[in-house]
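Sequences listed follow chains W and H, in order. Residue numbering for the first sequence follows our numbering, beginning at 1 and increasing consecutively. Residue numbering for the second sequence follows our numbering, beginning at 1001 and increasing consecutively.
Simulated from the structure, these hints should not be mistaken for laboratory data. Glycine included, C-beta positions come from ideal geometry on N, C-alpha and C. Misleading hints may appear alongside valid ones.
As the list claims (entries may be wrong) - On the chain W side, residues computed to face chain H include the following (Cβ under 7 Å):
id: 1; residue: Glu110
id: 2; residue: Arg249
id: 3; residue: Gly253
Unchecked claim - Computed footprint of chain H on chain W; a stretch qualifies when at least three of its residues, placed anywhere within it, have a C-beta under 8 Å from a C-beta of chain H:
id: 4; region: 45-54
id: 5; region: 81-91
Unchecked claim - Have a look at the derived ranges for each label pair, beta carbon to beta carbon:
id: 6; chain 1: H; residue 1: Val1273; chain 2: W; residue 2: Gly11; range: 45 to 55 Å
id: 7; chain 1: W; residue 1: Asp26; chain 2: H; residue 2: Val1273; range: 25 to 35 Å
id: 8; chain 1: W; residue 1: Tyr16; chain 2: H; residue 2: Trp1171; range: 55 to 65 Å
id: 9; chain 1: H; residue 1: Ala1269; chain 2: W; residue 2: Leu73; range: 20 to 30 Å
id: 10; chain 1: H; residue 1: Ala1032; chain 2: W; residue 2: Ala140; range: 19 to 29 Å
id: 11; chain 1: W; residue 1: Tyr16; chain 2: H; residue 2: Pro1173; range: 17 to 27 Å
id: 12; chain 1: H; residue 1: Trp1171; chain 2: W; residue 2: Asp26; range: 37 to 47 Å
id: 13; chain 1: W; residue 1: Asp23; chain 2: H; residue 2: Ile1190; range: 39 to 49 Å
id: 14; chain 1: H; residue 1: Val1267; chain 2: W; residue 2: Pro137; range: 36 to 46 Å
id: 15; chain 1: H; residue 1: Ala1032; chain 2: W; residue 2: Ser91; range: 45 to 55 Å
Below are the chains, spelled out letter by letter.
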Amino acid sequence: MNSPPVAVTRGLTKRYGATVALDAVDLSIGGGVTGLLGPNGAGKTTLIRLLTTAIAPTSGDLTVFGLPAAGALKDRTEVRRHLGYLPQEVSFPRGMTCFRFVDYIAVLKEWTDTRRRHAEVRRVLDLVGLGDRPTKPIRALSGGQRRRLALSQSLIGSPRLLVLDEPTTGLDPEQRASLRGLLSSFGASGAVLLATHQTEDVAALCERVIVMVDGGARFDGTVAELVGTAAGHVWLGDTEVPGAIRSWRTGTGQVRSIGGTPPASARAAEPSVEDAYLLMLGSAAVASGVAA
Amino acid sequence: MTAVALPVAKGGPVAGGSVLWRLAGLEVRRYARHPLFLVGAVGTLAIGMRPDPVSSTYFNVIVPAAALGILGLVAMASLTRGADLLGRSAGAAPVPERVQTGALALAALLPFAVGLVWFAWNAYLAFDRPPPPSGFPFGDVSTGWKLAVLFGCGALSTLGGPLLGIVIGRWWPRRGVAPMLAVALVAATIIMQGLFEPLRRVRLFMPFTYFGGPFGTEADPERVLLFPGSPQWWVGYLVCLCGLAVVAALWHDRSARDGRLRTTGLVLAAAAVATCLLATLTGLDHTLVNPLSS
Chain W
1 MNSPPVAVTR
11 GLTKRYGATV
21 ALDAVDLSIG
31 GGVTGLLGPN
41 GAGKTTLIRL
51 LTTAIAPTSG
61 DLTVFGLPAA
71 GALKDRTEVR
81 RHLGYLPQEV
91 SFPRGMTCFR
101 FVDYIAVLKE
111 WTDTRRRHAE
121 VRRVLDLVGL
131 GDRPTKPIRA
141 LSGGQRRRLA
151 LSQSLIGSPR
161 LLVLDEPTTG
171 LDPEQRASLR
181 GLLSSFGASG
191 AVLLATHQTE
201 DVAALCERVI
211 VMVDGGARFD
221 GTVAELVGTA
231 AGHVWLGDTE
241 VPGAIRSWRT
251 GTGQVRSIGG
261 TPPASARAAE
271 PSVEDAYLLM
281 LGSAAVASGV
291 AA
Chain H
1001 MTAVALPVAK
1011 GGPVAGGSVL
1021 WRLAGLEVRR
1031 YARHPLFLVG
1041 AVGTLAIGMR
1051 PDPVSSTYFN
1061 VIVPAAALGI
1071 LGLVAMASLT
1081 RGADLLGRSA
1091 GAAPVPERVQ
1101 TGALALAALL
1111 PFAVGLVWFA
1121 WNAYLAFDRP
1131 PPPSGFPFGD
1141 VSTGWKLAVL
1151 FGCGALSTLG
1161 GPLLGIVIGR
1171 WWPRRGVAPM
1181 LAVALVAATI
1191 IMQGLFEPLR
1201 RVRLFMPFTY
1211 FGGPFGTEAD
1221 PERVLLFPGS
1231 PQWWVGYLVC
1241 LCGLAVVAAL
1251 WHDRSARDGR
1261 LRTTGLVLAA
1271 AAVATCLLAT
1281 LTGLDHTLVN
1291 PLSS
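In isolation and in its complexed conformation, chain W is listed as follows (with noise of 0.2 Å):
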C-alpha cells in the first residue's frame, strides 16, 4: 500500500437513467492485492468496468495510471494497455482451442510478433496449469479449467493493474489455492483488484478490502481493520441471540450470532472477514429500513 496509486476515484458516479449504480465513491486503488466486496447490484461491476474503461461514468474524476480514464480514445487505449481484466462471465468461440483462444486475445492486446506472442500465450497457460494442453478444445474443458483460461488472458503481458471479477467462480478448493498463490505472486510487484462473493479469499490473500453497499464504498480499510468491525459483535451459545442479524446452528450445536443484544449465557467469539462483512451488510440493511 505505500506504492503510488496505480487508480484514483473522485466522486465517480454512474447513472443508468433513474437508477444510480455508483454513487459519488472516492477510492485510490495500489499495489498489493485489494479485495473487492459486496452483495449483488452494490457497484462492484459497475466500478470495475469504469476502471476498465468499458464504461464512461456519468460524473467524478477517474484517472487510471495517472490518465483520465474516460477521457479520449487515445487515453483510454493508453490504459488498457497496460490493464488485464478478467469479466465476470465468460463466452468462448465455438471450435477453438486453448492456445489459439489465447493467442486470439493476445493480438488484440498487440502481440504482433508471433514468436514471442506465442512464447507468451505459453507462458500465460503455464501459470494458470493449462500449459500441458494447449491444443486441447475448449469445449472438451472442466467448468474450473475454463475459468482458469479465461485467466490467463488476464495475464497476457503482466499488466500493471490485474481487475479480476468472481475469479474463483467454479473452482475446486486445490485449483482456488493455486489462483491464491498466483495472486498473491503477482500482487508482490503489481496491483489486484479482486471482486468477490469469497470472503476466504479476501481474508487469504488480500492487504486491503473494500466494501460496496448500494453503490457506496461503505468500507475501505484493511482486512484486519474489516474484522475488528465485528468485535464484540459475533457470539456463540446455545440459543440464538435477539436481535441477530444472522444467525445459524454450527457444526459442534453451538448457534453462531451476528450483532443482537446476547444473552448471559453466550460468549464472545472471534469474528471472520465474513462475520464483518455480514454484519456490515446488515447494518446497511437496517440503516436503510430493509428488514436483515
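Following the hints, complete the assembly by docking chain H onto the known chain W.
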C-alpha cells in the same frame, strides 16, 4: 500454477506487423476451418467447374453463389459472433472492434479467392466451349456482358455473402438470424430471378439475379431468353453494396463513427443508387427470345 517467483512477460507488445494484418491472418485461418466454407469450397470446385455443352456453362453461377455466398453469409456471421465473444473475453483490449471488423472483412477475401478461381476457369470454358446457338447467351452480346454476368452472379457473390454475414454478426448477433436471412434471401431471389415478366426490370436491385436462361415462352416453356438491363453496371452496383456492407459493419463500433466513414457510406450509397438505376435503364431494353428451340 506457481506460488512464488511469478515469471513475467518477456518484452511486450512490440509491433511485428500491423494488428489488422495479424488479426486478418487469424480470421482467415478460422474461416478456412469453418465447415460451411469447406463444404462450399469443395462444392464449388467439384460441381461448379464443369462445362455444360447442352445449354450453357453460364448456369454454373448458381454454384458459387449458393455454396460460397449464401453459406458464406452464415459462416461469416458465426465467425463475427465468435470474434465479438473474443473481444468481450479480453474485456479491455487496446485494439478496438473496428479493427476486428476490418480483419473479418479481409478474411472474406478467402472465399472470394475461391470465387475468382471459379470465375477464371468458367470464363475460359465460356469462351473455349461456347454455348450452342440455342443456348445462353445468344445473339450479339459483348465479351464485357458475358464476363460481367459470370463475375457478378458468380464471383462477387462469394464476397458479398460473407460481407453481409459480418453486418448480421455485428448488428443482429443472435444465433439463427443469419440462417433465417439466408433462407429469406434465397426466397426473394427465386421471385426476383426473372421468372415473372413484370419484375424483370426491377430485379436488378437484388444481389443475385439472372440475365437470362431457359425461362420459356407461352409456346415453348424451355425457350432461352435474354433479360433487359446491363450486367456491367450491375457489377458496379454489387461492388458498391460490398463497400456499404463494410461501412455498415464498421459503423457498429461507436469509436469508428467519424466524418470520413460517414462520407464514405454516403458516397457509396449514392453510387449504389446510381449504378442500380444505370443497370436497370441501360443495356438490353427488352426481353429477347432465342429464335432457336433448345
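To see whether the hints hold, each was checked on the structure:
The beta carbon of W/Glu110 is positioned within 7 Å of a beta carbon in chain H (closest approach about 4 Å), and the interface hint is therefore held. With a least beta-carbon distance of about 36 Å to chain H, the hint placing W/Arg249 at the interface is violated under the 7 Å criterion. Using the Cβ-Cβ criterion of 7 Å, the hint placing W/Gly253 at the interface with chain H is not satisfied: the shortest such distance is roughly 37 Å. Coverage of the region 45-54 of chain W by chain H holds. Counting CB-CB distances below 8 Å, 3 residues qualify, and the rule asks for three or more.
By the rule of at least three residues with a Cβ nearer than 8 Å to a Cβ of chain H, the coverage given for the region 81-91 of chain W holds, with 7 such residues. Taking 45 to 55 Å as the suggested C-beta distance range, the pair H/Val1273 and W/Gly11 conforms, at roughly 51 Å. One distance hint, 25 to 35 Å for the beta-carbon pair W/Asp26 and H/Val1273, is violated here, with the actual separation near 55 Å. A C-beta distance of roughly 23 Å is found between W/Tyr16 and H/Trp1171, which places it outside the suggested range of 55 to 65 Å.
Our hint of 20 to 30 Å for H/Ala1269 and W/Leu73 holds, since their Cβ atoms are close to 26 Å apart. In this structure, H/Ala1032 and W/Ala140 meet the distance hint of 19 to 29 Å, their C-beta atoms being roughly 22 Å apart. About 22 Å separates the C-beta atoms of W/Tyr16 and H/Pro1173, a value consistent with the hinted range of 17 to 27 Å. Evaluation of the 37 to 47 Å hint for H/Trp1171 and W/Asp26 yields a pass: the beta carbon distance comes to about 39 Å.
At about 58 Å, the beta-carbon gap between W/Asp23 and H/Ile1190 misses the expected band of 39 to 49 Å. In this structure the supplied range 36 to 46 Å holds for H/Val1267 paired with W/Pro137, their Cβ-Cβ distance being about 44 Å. Our hint of 45 to 55 Å for H/Ala1032 and W/Ser91 is violated, since their Cβ atoms are close to 23 Å apart.
Hints 2, 3, 7, 8, 13, 15 from the list above are not met by this structure, while the remaining hints are.
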